[in-house]
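In the order they appear, the protein sequences are chains Y and V.
Just so we're on the same page, the numbering used here is the position in the first sequence counted from 1, plus 39.
Just so we're on the same page, the numbering used here is the position in the second sequence counted from 1, plus 213.
Hint data in this document are derived by calculation from the structure and do not stem from the laboratory.
Being a predicted model, the structure only gives us computed values, none of them experimental.
You may find that some hints are simply not true.
Stated by the list, open to error - Okay, derived cross-link-like pairs now, DSBU-like style, lysine-lysine, Cα gap no bigger than 35 Å in a straight line:
| # | chain 1 | residue 1 | chain 2 | residue 2 |
| --- | --- | --- | --- | --- |
| 1 | V | K335 | V | K229 |
| 2 | Y | K128 | Y | K210 |
| 3 | V | K395 | Y | K176 |
| 4 | Y | K94 | V | K229 |
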Amino acid sequence: MKLLEVQNMTTYYKLKEGYVRACENISLHLEQGEALGLVGESASGKTTAALSLIKLLPENAQVMGGSIRINNRDIAGASEEELRSIRWKEIAIIFQGAMNALNPVRRIGAQIVEALRIHEKMTEKEACYRAAELFEKVEIDPARVREYPHEFSGGMRQRAMIAMAIACSPKIVIGDEPTTALDVMVQAQVLQLLEQLRRERQMGMILITHDLSVVGETCDRVAVMYAGRIVESGLTETVFEKPAHPYTQALIAAFPNIEGERYLASSIPGNPPNLLYPPAGCRFHERCGQAYARCSEEEPLAVELSNRHNASCHLLQGRVRI
Amino acid sequence: MSYLFAKKDSLILWKKNLVSFWSIYRQNTMGLIGLFILIFFALMAIFAPYLVTITTMVVDGVTQVLHPPVKGFWLGTDDLGKDIFAGVIIGSRVSLLVGVAATAISMGIGTVIGIVSGFYGKTVDAFLMRFTDVFLVIPWLPLMLVMAALLGPSLGNIILVIGITSWAGTARIIRSQTLSIKERPYVERARAIGSGDTHIMYYHILPNVFPLIFANTVLVAAIAILSETTLSFLGMGDPTQVTWGMMLHFAFSMGAVSFGAWWWLLPPGICVVLVVLSFTFIGYALDEVLNPKLRRRDQ
Chain Y
40 MKLLEVQNMT TYYKLKEGYV RACENISLHL EQGEALGLVG ESASGKTTAA LSLIKLLPEN
100 AQVMGGSIRI NNRDIAGASE EELRSIRWKE IAIIFQGAMN ALNPVRRIGA QIVEALRIHE
160 KMTEKEACYR AAELFEKVEI DPARVREYPH EFSGGMRQRA MIAMAIACSP KIVIGDEPTT
220 ALDVMVQAQV LQLLEQLRRE RQMGMILITH DLSVVGETCD RVAVMYAGRI VESGLTETVF
280 EKPAHPYTQA LIAAFPNIEG ERYLASSIPG NPPNLLYPPA GCRFHERCGQ AYARCSEEEP
340 LAVELSNRHN ASCHLLQGRV RI
Chain V
214 MSYLFAKKDS LILWKKNLVS FWSIYRQNTM GLIGLFILIF FALMAIFAPY LVTITTMVVD
274 GVTQVLHPPV KGFWLGTDDL GKDIFAGVII GSRVSLLVGV AATAISMGIG TVIGIVSGFY
334 GKTVDAFLMR FTDVFLVIPW LPLMLVMAAL LGPSLGNIIL VIGITSWAGT ARIIRSQTLS
394 IKERPYVERA RAIGSGDTHI MYYHILPNVF PLIFANTVLV AAIAILSETT LSFLGMGDPT
454 QVTWGMMLHF AFSMGAVSFG AWWWLLPPGI CVVLVVLSFT FIGYALDEVL NPKLRRRDQ
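Chain Y on its own, in the form it takes in the complex:
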């Protein structure tokens, strides 16, 4: 069953100078219990894409088109009222930097209770009880629901954030770089916890990150974004082992490999394009080593290379699946 289906979603930010094309023609889908990794460098539109799903965007952002369906419910045309009932109940977000995502002057327990009471018909007492249960679930001493965010360590805050995210039993959880600010040990704990919760509750998960190793470890499928577009998507192993798009290849080459031969990680020359004036044709052609004339003229279409493995590159045009 498809939990989430996004077709050609486009989100622009309106500035004085014009539109920033942060996300264009994003198509995604998510099955129950599946984890999808959304990778790409900074400013490639990962977070915008995720936040567009529940229209949690700054005021100057506009979802220009495309369809978004959560559980077969249309989001693109939903009113603010409907959106509010969908948020957290259907899709919850684990924000990056949990310290900032928690109100410093309110107890952590009270903030979980707040989320619960917006969506569930519960008394204060029941909600408190649930908050304590959730704390146990994420392996924090339930007595600490009374504490304030500054009394928690970074990893605990992130786990408290996860407890808050699963409070209303959402079907989809978006992790917006949930482990970025944490050290590797804590990162592993948090990922393990997410993994365990996902299996237990059969939640769909979208993991936004620029850390390929995190994706490799936790995600079933991966979508690679570059300059507001999905350039390649497929099963994680397929994409990692046989990257088809030059950008994905470069991204994987830029990542040190702890197994196998030692080599110098290579960086991608140049900078990501200014999305206010995106380059014509393929957005990667200015930095692509294999670009030819057609790349700067014509936008490449997605090519299905093998089962569920898609990439948008002119070089692949001839290599249609046999």
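Chain Y is fixed; fit chain V onto it per the hints.
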């Protein structure tokens, strides 16, 4: 497991917070002096009716007007032979009442306008802030006088007039803090959990601007007391009430200066100065306690 949020616990925590607040506050000499003066005047105001009654000084059947201080009439008498000492003590009631009540009105208006304006921004902000600007640039004394004259001299009107002429500065301060807080990630998270605007303003923004409201309240209270004195001095006060401003008003208009009746002019004036000073001291001290950046570390 709901004991986690039990009332008893939160009472203990509240006490703990209060104790830690006090341990910082008491290191502040200025704050302690201010608090001492304020408590002194507050007790005076509360117990005034049990302490004194305003009597007239009569010796051998003759009313002693403008009599200098003597035993029993510690601050002498006024032009009607009435006891000034008792008047000063009774006068503290109105001054403090007006201070507290007018401040409550002023802070209420200022906080609501500030938060709403900062939170919604755009048209709402532009409209509310121009409205605030009008109140900021209008010379407050003439406005107060006109309003007091129109509404008539009664205690309630004085409170109302001071309340609605003194909120503009507060609204500005609260707005600027709201602008900064509404961009914090936890407000975005609050949106993500599906909360509406009112909820966010009440649960997330208000608690975060609260220290500012708190510190500002004390300063506005000082201004409110001073305004009450000014209005009364200019003859716009409630003539049926004994207040420090009223005493000054009569002292001035009945020629206490030319008569050299310092015992009539000085006491109410000194009381006003002391109360305003105490509020200002407390305001500075609170600022230091609530804003860790201003806290001294050498103690």
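Now for the hints, and whether the structure bears them out:
1. At most 35 Å may separate the alpha-carbon atoms for a hinted pair to count; K335 (chain V) and K229 (chain V) exceed this at roughly 42 Å.
2. For a cut-off of 35 Å, the pair hint linking K128 (chain Y) to K210 (chain Y) stands: about 8 Å separates their Cα positions.
3. Annotation: proposed proximity of K395 (chain V) to K176 (chain Y) holds, straight-line Cα distance about 31 Å (limit 35 Å).
4. Between K94 (chain Y) and K229 (chain V) the CA atoms are separated by roughly 42 Å; this puts the pair beyond 35 Å, and the hint is violated.
Hint violations for this structure: numbers 1, 4, all remaining hints satisfied.
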